[in-house]
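Novice: Residue numbers (the numbering used here), protein chains in the order written: chain A, 1 to 199; chain B, 1 to 475.
Because the hints were derived from the structure by calculation, they are not lab data. Glycine included, every Cβ here is placed at the ideal spot set by N, Cα and C. Some clues are possibly wrong.
What the hints assert, rightly or not - Lysine-lysine pairs mimicking DSSO-like chemistry, simulated, CA-CA at most 27 Å apart:
1) Lys107(A) x Lys35(A)
2) Lys107(A) x Lys349(B)
3) Lys439(B) x Lys107(A)
4) Lys85(B) x Lys190(B)
5) Lys439(B) x Lys198(B)
6) Lys85(B) x Lys198(B)
Claimed, not checked - Here are some, though not all, of the chain B residues that point toward chain A, as calculated from beta-carbon distances under 8 Å:
7) Phe162
8) Met163
9) Ile194
10) Thr195
11) Phe443
Unchecked claim - So, partial list: chain B residues that the calculated Cβ filter (under 7 Å) puts toward chain A:
12) Ile153
13) Ser159
14) Leu166
15) Phe457
16) Pro460
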Amino acid sequence: MTLIYLALTERVNRFVTLLIIQGVLLFGIAYFQLKHIEFANLLFILLETLIVKSIATPLFLYYVRRRNNLYRLSESNVPTFVSILVISAALVFGFVLSLFLQDLHIKTMFFAVAISAVVTGVYFIISHRNVFTHLIGYLVIENGIFLMSLAVGAEMTMLVHNAILLDIFISVLALGIFINRVGDTFQNIDVDSMSQLKD
Amino acid sequence: MVVSTYLITAVAISGLIFFLSNRVANQILGGVFLIIQIGITVYALQHRGSTDSLYFTFDSLGILLAIVLSILSITTFYHSYLYLKRHAGSVRNDSIYYGALILLIASMTGAYFANHVGVLWFWFEATTLCVSVLIYHERTAIAIEAAWKYIFICSIGISFAFMGILFLSVVAYAGGLTELGLNELMATAKGMNITWLKIAFILVFTGFSAKWGLFPLHTVCVDAHTGAPPPISAFISTTLMNVGFLGVFRIYTIVAQTEALAWANRVLMICGIISITLSAMQLLRVTHFKRMFAFSSLEQMGIVALALSAGGIGYYAAILHIILHSFAKAGLFYHIGQVDRIYHSYWIKDTGGYMKINPLGAIVVLLIFMMVTAIPPSGLFVSELMVFQALFAGSHYLVAALALLLLSVIIFVFGRNFTQLLYSEGTPHQVAENARINKMETFSQFILIALIIYLAFDPPSFFTELINSAVAVLI
Chain A
1 MTLIYLALTE
11 RVNRFVTLLI
21 IQGVLLFGIA
31 YFQLKHIEFA
41 NLLFILLETL
51 IVKSIATPLF
61 LYYVRRRNNL
71 YRLSESNVPT
81 FVSILVISAA
91 LVFGFVLSLF
101 LQDLHIKTMF
111 FAVAISAVVT
121 GVYFIISHRN
131 VFTHLIGYLV
141 IENGIFLMSL
151 AVGAEMTMLV
161 HNAILLDIFI
171 SVLALGIFIN
181 RVGDTFQNID
191 VDSMSQLKD
Chain B
1 MVVSTYLITA
11 VAISGLIFFL
21 SNRVANQILG
31 GVFLIIQIGI
41 TVYALQHRGS
51 TDSLYFTFDS
61 LGILLAIVLS
71 ILSITTFYHS
81 YLYLKRHAGS
91 VRNDSIYYGA
101 LILLIASMTG
111 AYFANHVGVL
121 WFWFEATTLC
131 VSVLIYHERT
141 AIAIEAAWKY
151 IFICSIGISF
161 AFMGILFLSV
171 VAYAGGLTEL
181 GLNELMATAK
191 GMNITWLKIA
201 FILVFTGFSA
211 KWGLFPLHTV
221 CVDAHTGAPP
231 PISAFISTTL
241 MNVGFLGVFR
251 IYTIVAQTEA
261 LAWANRVLMI
271 CGIISITLSA
281 MQLLRVTHFK
291 RMFAFSSLEQ
301 MGIVALALSA
311 GGIGYYAAIL
321 HIILHSFAKA
331 GLFYHIGQVD
341 RIYHSYWIKD
351 TGGYMKINPL
361 GAIVVLLIFM
371 MVTAIPPSGL
381 FVSELMVFQA
391 LFAGSHYLVA
401 ALALLLLSVI
411 IFVFGRNFTQ
421 LLYSEGTPHQ
431 VAENARINKM
441 ETFSQFILIA
451 LIIYLAFDPP
461 SFFTELINSA
471 VAVLI
């Protein structure tokens, strides 16, 4: 549902709220999927999903939104209706692929949703021209990947830790800092303003 | 515990540089790190095949690339020193530069020796962060654009590569593995589900292509070169591309144990020839020296992909080519820093008469032109000859013919643009009056040129033995 709503809304606050909901959902899924692993490991993973995904990243996004005066982003290249169709198709694709790749060691439902989230994130990036929405799309991809790590890699907790590292290092530290720099240098964060690197 | 100690020391030195924010400290600590870097490389060479700190193994390919990294670290530190001295930035920025450079070298070393797919992926992620900081060094609009594009596309690439690793974990777990060690994966590869393995390979290949500088995520490297300081461009185009190559090579060695090998070869061949084609097309319209060199790297990586896909002698050629290309392209990027000091521009149209202005530098340009375009006595001539030998031996006549045609176009473009730089009589845009180039600055480039010739025509036995050992798992 959060994926489909992502295509409907244009308000920046809504984008961030959807990410918070996804973070809380991932926290619950992580708890039920990883209950059997050692306590310290489980605690770390749960704290990460709750603190980084549901609290720190959204707070940081709110800060970026305020700093760059972003309230409504209606710069999608395609109509909302088409976006809903594409995201619905992504969900169907996710389920078909998970059925096609049926394996004893994967959780089909989570895997299907994870694939759909990744495809939706990629589509979201392609269909928008704003650096901020690109970041939102990237975070949706990350959430999809985290869910996928739970669906297929729950037995190898190192992979779940790696998925967490992907969150902390790239999205929070680097992308956010650069968004602010981009906004300061180019006066807006539209990707069209960054077109000096071409032949 | 040698690798762990090395990595902790690198982080400590980097932190100290950042904390002290002092030019003298930057140089002293940079020098100390270089000694440590050479030390770990020598140690790895002496302990070939042994495992260290659980997740690192000193294998032949890792050692070869670490040797290249150590050599280019020395030259890159030297040219960084010259670059920072002349660009008179704040001490704080210079310290960030040196600190990030040390972390980048340590991350690449970690990636070279990683024996676990998850650990390898971690170091890929680390290199992305360090390089982004370095690309951003000049704080100009172009630098920010390049850094943003680099970090964003690389992050997408890293995410895709991670998905590939997750797919790989499914087949590994089905085969009884609970860890993703490279040796264990190779040993159990034969029983793996081919469909899952193919998906894993294509995702990892796509993700790591951002670092390898190969189609489909090649654009990220091209833009990064344009915005980065020349010594960093030299690193992005060489040792960092080698990290990307190594990542794909590691997964390829797993796939090579299965019946998916022929399919993987086709993927590599298609991406290789597309890379060379895109490079030739872009080079025809390129107007900026750094972008020209960047597209040349795309072409060279395309050749490496073709070599891998052809198999046989192509495996040896791929590794030889990637090593020799590292020295050639690094020399070219170091020298373009000198060209910029004279013309205050990287635009081709702004240059001319370089032969009169800086004769020694002009000789370097001529020699490196020969090296990069694989004109004898370039060592790249030997490796490219082997690549085409492998392509013909595998009956890939059409691909070989197309590649030869495209390489001719690329040689023409390089010749045309270097002729403009060296001999054009037109008035250059702006020749700096006080741009005196110390002859010693070109010394490093002559050394690299000598290495390219020596390693191809009269290689030391340990060098050929290391390459043969690196490709032994594939033959």
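Novice: What hint numbers does the structure not satisfy?
Specialist: Hint check: 2, 3, 4, 5, 6, 9, 11, 12, 15 and 16 fail, others pass.
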